[in-house]
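K.L.:
Residue numbers (my numbering), protein chains in the order written: chain A, -6 to 111; chain B, -6 to 111; chain C, -6 to 111; chain D, -6 to 111.
Derived from the structure by calculation, the hints contain no laboratory data.
Since no wrong hints were added, every one of them can be taken at face value.
One copy or two, it doesn't matter: identical chains are merged, so the pair holds either way.
Result set (DSSO-like, lysine-lysine): computed pairs, CA atoms no more than 27 Å apart in a straight line:
hint, residue 1, residue 2
1, K55, K94
2, K106, K94
3, K99, K109
4, K94, K109
5, K55, K99
Fair warning: this is a prediction, and the values are worked out from it, not measured in the lab.
Now for the letters of each chain:
Number of protein chains: 4
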Amino acid sequence: MPPHNFNELRTAIRAFAQARDWEQFHTPKNLVMALSVETAELLEHFQWLSPEQSTRLDDQTKAEVAQEIGDVLIYLARLADVLDIDPLQAAFDKIELNALKYPVEKSKGNNTKYDKLQ
Amino acid sequence: MPPHNFNELRTAIRAFAQARDWEQFHTPKNLVMALSVETAELLEHFQWLSPEQSTRLDDQTKAEVAQEIGDVLIYLARLADVLDIDPLQAAFDKIELNALKYPVEKSKGNNTKYDKLQ
Amino acid sequence: MPPHNFNELRTAIRAFAQARDWEQFHTPKNLVMALSVETAELLEHFQWLSPEQSTRLDDQTKAEVAQEIGDVLIYLARLADVLDIDPLQAAFDKIELNALKYPVEKSKGNNTKYDKLQ
Amino acid sequence: MPPHNFNELRTAIRAFAQARDWEQFHTPKNLVMALSVETAELLEHFQWLSPEQSTRLDDQTKAEVAQEIGDVLIYLARLADVLDIDPLQAAFDKIELNALKYPVEKSKGNNTKYDKLQ
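The shape of chain A in the complex, shown without the other chains:
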């Protein structure tokens, strides 16, 4: 079986929504709310962990976190689909912009936001 790719994911989610007649609910406004809810469910797993604990999850938590990452990606892909935006292209474009906002010489070892970088 070939590895999964993003187009395949978009197609699978689209079919899932169509089979359930859910396209009526999938406005961008609703989908971005669903994306926020799923992101918070992912966040919830980490809220009481120390940063160090967050780097070594037990197997049960890791499996639950993987499911939440799946949910976030599903809603992100669905939102991008209904908006006719290519999320991978958007990410690569943003990396180029970030390289300009965070030049290596100024940002090295430094997490200051670009608008406060000197």
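Since chain A is already given, all that's left is putting chains B, C and D on it; use the hints.
P.N.:
Okay, now just chains B, C and D, sitting in the frame of chain A:
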């Protein structure tokens, strides 16, 4: 040029972080917070729009929304990378689970959450 | 019984945390994550509703929404407490700032963000 | 001057919205999105801080955080107002529920979620 894929994205983000010595900041706890912040910046574009307006963004807003989608995907890919989780696999696994939670015959045209489905 | 006030709430939450020896978990970083999680649980109730539906909740949903509003306020009050910030004073100060950012004559019937107001 | 109270805040926000003819935008669905956005702006200040750093903010950051806490409280109070929910009462009711979900003897020094408490 071949189309972008997820592995390529992960590699590009990893290189970006390494070049800036930012791996020290990239704990899962911190990254999931950054993901939440970017998701909310995406949400912000839609907060005062009607659902109908959200389906037909002007070009300027669509370009800004694409950038935020890029940011969300970047942090999601980075979080998955440091956790050693394959986000595409996680999404496909979740679609299978969702198909069980939301059988077509019960969910058709119905946005009720699975734990309240009859 | 006199009506509840904010100081009373802060005191009750502080006592709740102390009795359970939870102060060790209540760093601002952790509390702001918990606040985000509760806010998303509130958001979840509205994700698939139309704006119009969101104005007339059934009794069951309204009761659940009230609980989530309670949770959000609890974590906001607790966060403000550990940071030694007075949230009511902060809100009144912010209203004054907002009055400058959104002058009535420019903002009337207009939800444009202040940095794009003409 | 008497100390501020919640009713006064609700009244001030209501007047602010009315003067700008913003009631048309203030559906619960829109307001809960705005609340989420403000919560994330608060979260953003803490994303790269260690838990320990988050307990000792510099004066500039503390002032910015106070403003964001003000914004979160404004939108929470406004949302509760349009839903005709008393947020302080909701918080006290929730504390009572939480006392049942998290009995002192089981929760002492333990941040386990109630549904996993033994």
